[in-house]
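*Asks:* What follows is the residue order along each chain.
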Amino acid sequence: MKDKQGLVEHRLPDLNNDGVDRRGFLKCMAWAGAGLVWTMSGGIPVSRAFAKGMGKEASRGGGEFSFVQISDSHMGFNKPANSDVVATLRTAVDKINGLATPPEFLLHTGDISHLSRTEQFDTVDQILKSASAKDVFFVPGEHDVLDDNGKSYLERYGKNAQGSGWYSFDHKGVHFIGLVNVLNLKSGGLGSLGAEQLEWMEKDVKHLKHSTPVVVFAHIPLWSVYPEWGWGTEDSGQALAHLKKFGSVTVLNGHIHQIMQKVEGKVTFHTAMSTAFPQPQPGKAESPGPMKVPAEQLRTLLGITDVNFVRGQHALAVVDSSLG
Amino acid sequence: MNKRYGWVAGVVTPVVVAVLLLAGSVSVKASDQTSSTTAAVTIDNFSFGPQTLTVAAGTTVTWTNRDDIPHTVVSTDGVFKSQVRDTDEKFSYTFAKAGTYSYYCSVHPKMTGKVVVQ
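Residue numbers (this note's numbering), protein chains in the order written: chain A, 1 to 324; chain B, 1 to 118.
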């Protein structure tokens, strides 16, 4: 179904327990290289896909402000799936700098480094200095807290954080919450937030008006994408319960190196592509490791996420675009 | 040893050693028994293989990461804990006492394994 401008519009089928028809959604996801704009319109999620060339127009668009999410830069990775993660991160920064509406800050949803090494964090910090947006907010991935339980991560990125690195901030009336779900993982388990962080979160949002848009960002998905591969968080249900009163909640995650989205009531969940290497779709491979693709295809499966906040509309418009 | 017959050991032992060396089947080392004291676990495709390994007490188990992603080997009971192991890196632990030792990868906790020491 194409409209006059060549935009393909779909309406999602009726929401069931899961929120999205899986087969239909996975078909949408298969448009690697195409951007996806999701907005809420009268409570029904509507997506429009647009071809590469239209990216600029779609991101210009009456937003009060926008920010960009990047994820899973895995600085230090050097296996066949991508022998140059520095180059692809630089391409991501070029992409950010080419956006019609410059983002006001960046969110990095973790796996900044591949092996938690100082020089790896240094390299990412250096590359991000060339981004138009100077403020970058981080949450750690499991690759950022190796061996020292996150001590070196916290020293570098946790100045204004509590506990193992969680924090919140406000920007133009939108409340942002950065959560850590990659520490103290139990054998056989999934991601974990822990009681202390959940208590903090409950207090953090207690006095906010329910009309405040909330954005939560954390590394491992806060919804059950594919538990067999550890793609979920044990106690995310408790976190979401603390956000029940809000009219607009956007959850931004990484970890799975592909775009996945789910809408559940007033909560929109979205995962970002990696800037380093793609991973297979759930169940489509033996394991969730780096997926090698033909060289010319790599950049179409890596990307950034542009998020636009439009005053008066409770939904945030989430636009993914690939690096090539 | 009984002093009177102490000299017997001095004669018998070299003879025994000579016989064993001639047989060529066993080299004389204090730690060597008739069964191997080392065992291996391969880490690949986000799994430990074999997932359950049975060994004799005193065995040194070596995990080798053949995956293209780093992993760790961490006992669920705090008995042993590797640093992160990237591709081709190894971790070894000697199991002195009998028992069942469950472990997992602390980076990817769905990866679990067990060493049964008899």
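Hint data in this document are derived by calculation from the structure and do not stem from the laboratory. Where a beta carbon is used, it is the ideal one built from N, C-alpha and C, also for glycine. Warning: the hint list may mix true and false statements.
Below 16 Å or equal to it, Euclidean Cα-Cα: the simulated EDC-like pairs (lysine to aspartate or glutamate) are [claimed, not checked]: (1) B:K110 - A:E104; (2) A:K79 - B:D68; (3) A:K129 - A:E155.
Quick look at which bits of chain A chain B covers, simulated, 3 or more residues with Cβ under 8 Å [unchecked claim]: (4) 70-82; (5) 209-218; (6) 235-249; (7) 260-271; (8) 301-307.
*Asks:* List, from low to high, the hint numbers that the structure doesn't satisfy.
*Replies:* 1, 3, 5, 6, 7, 8
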